[in-house]
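Novice: Residue-level listing of the chains:
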Amino acid sequence: MRLLDVLQDFKVWIVDPKKLSFVDRLLIWGRRNSLWLLVFGIKCCTIEGLMVAGASTYDFERLGVLPRNSPRQCDLMIITGPISHRLAPVVKTLYEQMAEPRYVISYGECSICGGPWKGMYSIVDGVDQVIPVDVYVPGCPPRPEALIEAIIKLEEKIKKGELRRNFLPKTGYPEVKEDWRV
Amino acid sequence: MIDSIITYLKSNPLLADSLRVVVAMVFALIFMLLNALIFIYVERKVWARTMQRMGPTYVGKWGILQLIADFVKVLNKEIIIPAKANRFAFLAMPVFITAVSLLLIIVMPYDYVVAYTLLIFQPIFPAISILKYAVVSSYFQYGVLLIFVILSFNPIFILLTGWISNNKYSIVGGFRAAAQLLSFEVPFLLSVAAVVVLTGSLNLYEIVEKQKSMWLIFLAPLTFILFLITAIAEAERTPFDIPDAESEIIAGWNTEYSASPFLLLIMGMYVRAFVSATLLAIFFFGGWLGPTLPGFLAPMSGPLWLMIKTYFFMFLYILIRAAFPRYRIDQLLSLSWTKLLPLSVANLLIVIAVKYYLMSMGLMS
Amino acid sequence: MSVSSKEGLLHRLKRIIIGPLISFFTVTKYVFVKRPTIEYPTKTIIFPDRFRGVLEVDDELCIGCGICAKVCPNTCIFMVPYEKGKPAMIPEIDLQHCMFCGLCVDYCPPQAIYHTHVVSIIGFKREDLYLDQKKVTRVQELEYK
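Residue numbers (this note's numbering), protein chains in the order written: chain A, 322 to 503; chain B, 3 to 367; chain C, 8 to 152.
Please keep in mind that the hints were generated in silico from the structure rather than gathered at the bench. Backbone N, C-alpha and C define an ideal beta-carbon position, used for all residues, glycine too. Just to be clear, a hint being listed does not mean it is correct.
What the hints assert, rightly or not - Heads up, simulated DMTMM-like pairs for lysine to aspartate or glutamate below, C-alpha to C-alpha not over 25 angstroms straight-line:
| no. | chain 1 | residue 1 | chain 2 | residue 2 |
| --- | --- | --- | --- | --- |
| 1 | C | 142 | C | 67 |
| 2 | C | 77 | A | 446 |
| 3 | C | 91 | C | 135 |
| 4 | A | 413 | B | 250 |
| 5 | A | 413 | B | 208 |
Said to hold, decoys possible - With the Cβ distance kept under 7 angstroms, some of the chain B side facing chain A (calculated, not the full set):
| no. | residue |
| --- | --- |
| 6 | 19 |
| 7 | 56 |
| 8 | 59 |
| 9 | 72 |
| 10 | 260 |
From just these sequences and the hints, can you work out the full model?
Specialist: If you want it as structure tokens, here you go:
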């Protein structure tokens with residue numbers, strides 16, 4: 322199965338948008354127009370923002386964001402709440418289960434920096450301590466318009482070719498003080 | 003030039019036959035895959051509309067290019083193979099499933115549809131009339147039998163797909179799919195047997211020709227309802243989509259598949275749904291029978307009628323998906339074994355009695 | 008699927024046949040009903056007057072008292088020396104931590120800090136969300152269009 326490994330290295334990881342060929346442009350066009358969403362909600366922002374943005378008033382399927390359940394088939398992960406130290410390994414596992422290219426939107430105050438629980442013993446100070454984040458949406462909760470705006474911004478970011486591979490956070494994975502999982 | 007080719011092919015019947023088959027198969031394959039794409043697009047739009055949403059509108063006019071964007075993206079994603087899965091079998095199974103689904107083009111009259119649709123260009127290119135010979139599926143005297151032989155491969159491959167993924171959700175989905183497909187095959191075959199008894203033929207073309215006096219939906223409405231329910235179950239669509247129930251087992255037997263293998267699986271599923279919609283049109287709604295269309299559409303009125311009826315059933319499938327909640331596995335099996343099976347046996351007996359009565363009256367041969 | 012024994016056969020058949028038909032036709036009806044979707048990038052709704060959007064500071068009214076920083080429950084408002092010098096200190100807002108509760112607006116003596124109707128200030132980095140003294144006085148120009 323060497324051939325598959327070689328084939329996978331052929332994916333485009335662009336630095337300079339001027340040097341793109343037609344195929345690269347086609348791939349990027351497809352990539353930015355079909356961001357499939359991993360349905361994973363943590364707290365109240367899920368109901369107030371994420372689900373409203375998917376419902377009939379602000380339907381994000383207009384932009385090609387299709388909710389799928391299996392992380393293998395998804396491109397976009399929206400973190401909507403505070404990450405406790407117990408949840409951090411789960412979030413990291415879900416992110417690693419997604420196939421490249423994958424993007425993360427940090428939605429709401431709690432996921433950006435911990436929110437009202439910032440500095441608390443059980444809450445990670447922001448989801449970017451655990452997984453890399455592409456777009457931050459501030460608010461408590463942010464309006465659904467802000468989420469759609471964030472998806473459009475993310476599409477622009479993909480269009481510019483700012484892609485990343487094999488990210489390792491500089492701060493490192495936060496120490497789990499005690500493994501509460503049995 | 004073309005005449006010389008035709009004379010050469012006439013002297014070589016084996017070469018001519020194989021060429022004809024290849025041309026017909028390629029036409030039918032392209033047609034089927036294109037229709038599967040259109041099916042997915044129409045499903046997303048109509049399904050969104052039933053929820054008062056818009057559906058894809060951002061990519062192209064009315065979101066027409068959405069499916070192409072999805073196609074490009076899915077092809078371009080990373081292929082993830084689970085560490086404990088069997089690498090060869092993991093990659094081979096989607097190919098098998100898609101191949102089994104696409105094998106149906108041998109029997110289904112899609113090559114007829116394409117060939118006779120292209121015949122409207124006959125005034126411009128007279129040589130295109132050679133396409134009349136590029137229809138393979140009419141030669142299958144036992145076409146209906148072949149369809150069910152091909153369809154009965156599906157549970158085996160789906161169960162294997164769930165098994166080799168080495169994931170608990172996959173294996174649960176695989177076993178559910180096997181139980182569902184195997185238990186619904188019995189009423190499915192019995193309702194088809196009623197159709198075969200009424201028309202007295204296993205050839206799809208003859209079944210349609212027998213309906214010239216009266217469509218079978220008026221003769222045997224109970225058979226139609228039974229066939230509709232079991233066809234939806236065989237195509238694994240809502241309300242019988244328990245093998246890939248999103249809210250229970252993540253994505254069922256295709257949980258672990260990511261990029262192009264996932265594309266193949268989805269293709270296979272939608273091709274099967276499309277084929278079952280066509281079968282409904284052929285068995286009960288008179289296939290390509292219908293009034294001749296006016297103007298330049300006259301030569302392709304037959305294929306057009308078949309497609310109109312097929313798309314009608316596609317819409318029906320989509321609306322059924324939007325309207326009804328999912329069955330539980332025990333409800334599903336009890337529906338199949340305690341309700342549909344006795345009903346279909348009774349239906350077969352009724353159909354035999356009707357056929358005997360009509361034959362004694364001299365209304366049917 | 009449990010059916011009470013009092014229910015007659017006719018009643019049961021009616022429920023089995025008519026129930027699915029009602030749901031099917033309801034769904035079919037909604038295919039043709041006008042949709043309430045707001046196509047966001049091209050159309051927006053008009054927010055009510057008291058909508059709590061991103062905070063903005065009017066530097067002509069601000070007196071630099073620092074009450075907003077004191078009452079902020081999340082301590083996301085910081086008083087810093089102002090460049091232009093007119094109010095000696097001006098609040099800077101850390102938007103990643105602000106929860107739009109509106110306490111600072113309620114307590115501000117000259118009503119210099121107020122909610123705008125801006126909903127979408129979106130950052131690619133966490134630093135983008137810090138409204139320093141240049142940004143905090145012109146939030147409405149920053150809104151992405």
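Novice: For a quick check of understanding: which of the numbered hints are violated here, in increasing order?
Specialist: Of the numbered hints given earlier, those the structure breaks are 5 and 6, listed in rising order.
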